[in-house]
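2 protein chains.
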Amino acid sequence: MRSSLAERQETEEAGAEAPATPSVRQQAVLDAVLALMVEGGDQLTMDAVARRASCSKETLYKWYGDRDGLLTATVRWQASRVHAGREAVQALDGTSLREHLQDFAVSWLTVITSRTSVALNRIAVAHAGSRKSNLGGIVLANGRFAIGERVKPVLEAGRAAGLLAFADSEAAFRTFFGLVGRDIQIRLLLGEALDLDADEIQRDAGRAVDQFLALYGQANT
Amino acid sequence: MRSSLAERQETEEAGAEAPATPSVRQQAVLDAVLALMVEGGDQLTMDAVARRASCSKETLYKWYGDRDGLLTATVRWQASRVHAGREAVQALDGTSLREHLQDFAVSWLTVITSRTSVALNRIAVAHAGSRKSNLGGIVLANGRFAIGERVKPVLEAGRAAGLLAFADSEAAFRTFFGLVGRDIQIRLLLGEALDLDADEIQRDAGRAVDQFLALYGQANT
DNA sequence: TATCGAGCGTACCGTACGGTACGGTACTAG
DNA sequence: CTAGTACCGTACCGTACGGTACGCTCGATA
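Going down the list, the protein sequences come from chains A and B.
So the first sequence is residues 1 to 221, counted in the working numbering.
So the second sequence is residues 1 to 221, counted in the working numbering.
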């Protein structure tokens, strides 16, 4: 079982911050961390991780250096899964613009309401309080900012097509972000139960898109 | 409460959740906790609190039972300071409605961007992960929900005056909340610097109110 | 004055947890 | 075959922190 990984593709010396995709075994470890995060934030000890992943602590320290390294790798691992590929934006009409926005809203709501995301964000927020190794920065970069970078081209394409009017795409996106997320994320982070099913998310997303278009849309949508 | 001490001077009795206003000395202790929270979340040990407040740990345990009790008391103490009294809503016209909303937006933004609020929310979020004593619930009740209960009557008065149109005041409030807060709180919690000065808050609030009125206002504003 | 209780400072205890060391095992290379 | 590598399991160490115990001072009351 353990020896069957002669794979170890390339040294991880790649680049300052790029941690090379983890091996299958390492992924299993990181998934164990994720699982522990989800089931109560205080179980997240190195012992517990080693037990859950059936590996030795020594291996954990060898692979990740220290606890923070393990957490960082876990955050990156989860981020790498969430990233959907960014498709190129082609010509837009009113309908496809609405669909794009709806998709973004749905996927964002789905992410932030997932138990994994809530647990991960809790860890990152807690960590942000006691500086050292900014998990918070990583989460922001792969969450809020990543989706921003994907939405803004769509907004700009919408503007180019005469469907939207705004001066600053960042500001427009932030409004969109607010209309979609509202109080949901903070309520979840603070422990409220509040689980939305797929239908509710769909409706919520639709409402947010409607409102956004009401604010920024040009008549012909 | 657990304390079977006869001490409790003026005692405010079974207010379900009212913990009797702390004595001056106790307030000093809670302020010390707040100060420690603000300067880095990991310094928050009982030793550090005792040292900072120049009191003995034994006193802390006598007054608050355990660490959670101390944290809970601190959260309540901070909440008791933030609460502005809720003024009654009288007749509204377009101008006064706008002013009311602007005030709410400004005060909310001011609160959530304060270092104290950020630190407190971080603690509460972290705590929400490992159940036991829901600081999260208290923070939510005194933050998001408290302001909701203060805004909704204003919205309803606005509707009664024909200035606003909506079916569900809760839903309308949540949109308002989203337009005001957008991504600010999560970015702060995750550690971004991002400090807004008074002018920026004023402008942000104004933009949010404009957008809200654009969505829910009846022509005559 | 003597007594009492609130509370400060410090020393102490138990334990949980991050991190290290080491022996044993399965597999590979030569 | 031997030597080497990668890893598991477990035992171990040091320390930080929650919680407790105790002696002391100070002010109030009689």
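Read the hints as simulated data drawn from the structure, not as lab findings.
All C-beta atoms, glycine included, are put in the ideal place defined by N, C-alpha and C.
Take the hints with a grain of salt, since some may be wrong.
Computed list of lysine to any residue pairs in SDA-like fashion (alpha-carbon distance at most 25 Å, straight line) [stated by the list, open to error]:
#1 B:Lys-152 with A:Arg-174
#2 B:Lys-152 with B:Arg-174
#3 A:Lys-152 with B:Ala-193
#4 B:Lys-132 with A:Lys-152
Quick list of simulated restraints, FRET-style, between CB atoms [said to hold, decoys possible]:
#5 B:Val-24 with A:Ser-23: 54 to 64 Å
#6 A:Thr-59 with B:Gly-40: 42 to 52 Å
#7 A:Lys-62 with B:Thr-21: 53 to 63 Å
#8 B:Asp-197 with A:Gly-148: 44 to 54 Å
#9 A:Ala-35 with B:Gln-90: 47 to 57 Å
#10 A:Gly-40 with B:Val-24: 48 to 58 Å
#11 B:Glu-87 with A:Ala-198: 21 to 31 Å
#12 A:Ser-54 with B:Gly-206: 53 to 63 Å
#13 A:Arg-207 with B:Asp-47: 27 to 37 Å
#14 B:Asp-68 with A:Met-46: 47 to 57 Å
Consistency of beta-carbon spacing, Gly-206 (chain B) to Ser-54 (chain A), with hint 53 to 63 Å: Roughly 57 Å apart at Cβ, these two residues keep to the hinted range, so it holds.
Gln-90 (chain B) and Ala-35 (chain A) - C-beta distance against the hinted 47 to 57 Å: holds, 55 Å
Straight-line alpha-carbon gap Lys-132 (chain B) to Lys-152 (chain A), limit 25 Å: violated, 41 Å
Outcome for the supplied range 44 to 54 Å, where the beta carbon pair is Asp-197 (chain B) and Gly-148 (chain A): violated, 23 Å
Consistency of beta-carbon spacing, Gly-40 (chain B) to Thr-59 (chain A), with hint 42 to 52 Å: violated, 32 Å
Consistency of beta-carbon spacing, Ala-198 (chain A) to Glu-87 (chain B), with hint 21 to 31 Å: Hint violated: Cβ distance 42 Å, outside 21 to 31 Å.
25 Å limit on alpha-carbon distance, applied to hinted pair Lys-152 (chain B) and Arg-174 (chain B): holds, 10 Å
Range agreement (Cβ of Asp-47 (chain B) with Cβ of Arg-207 (chain A), hint 27 to 37 Å): violated, 50 Å
Pairwise beta carbon distance, Lys-62 (chain A) to Thr-21 (chain B), judged against the given window 53 to 63 Å: Because 54 Å falls inside the window, the suggested range holds.
Holds or violated: Lys-152 (chain A) to Ala-193 (chain B), with C-alpha atoms at most 25 Å apart: Between Lys-152 (chain A) and Ala-193 (chain B) the Cα gap is close to 23 Å, so the pair holds against 25 Å.
Verdict for Gly-40 (chain A), Val-24 (chain B) (Cβ pair) under range 48 to 58 Å: Violated, since Gly-40 (chain A) and Val-24 (chain B) (Cβ atoms, about 38 Å apart) do not stay within the stated range.
Pairwise beta carbon distance, Val-24 (chain B) to Ser-23 (chain A), judged against the given window 54 to 64 Å: holds, 60 Å
When held up to the earlier numbered hints, the structure conflicts with 4, 6, 8, 10, 11, 13 and 14 and fits the remainder.
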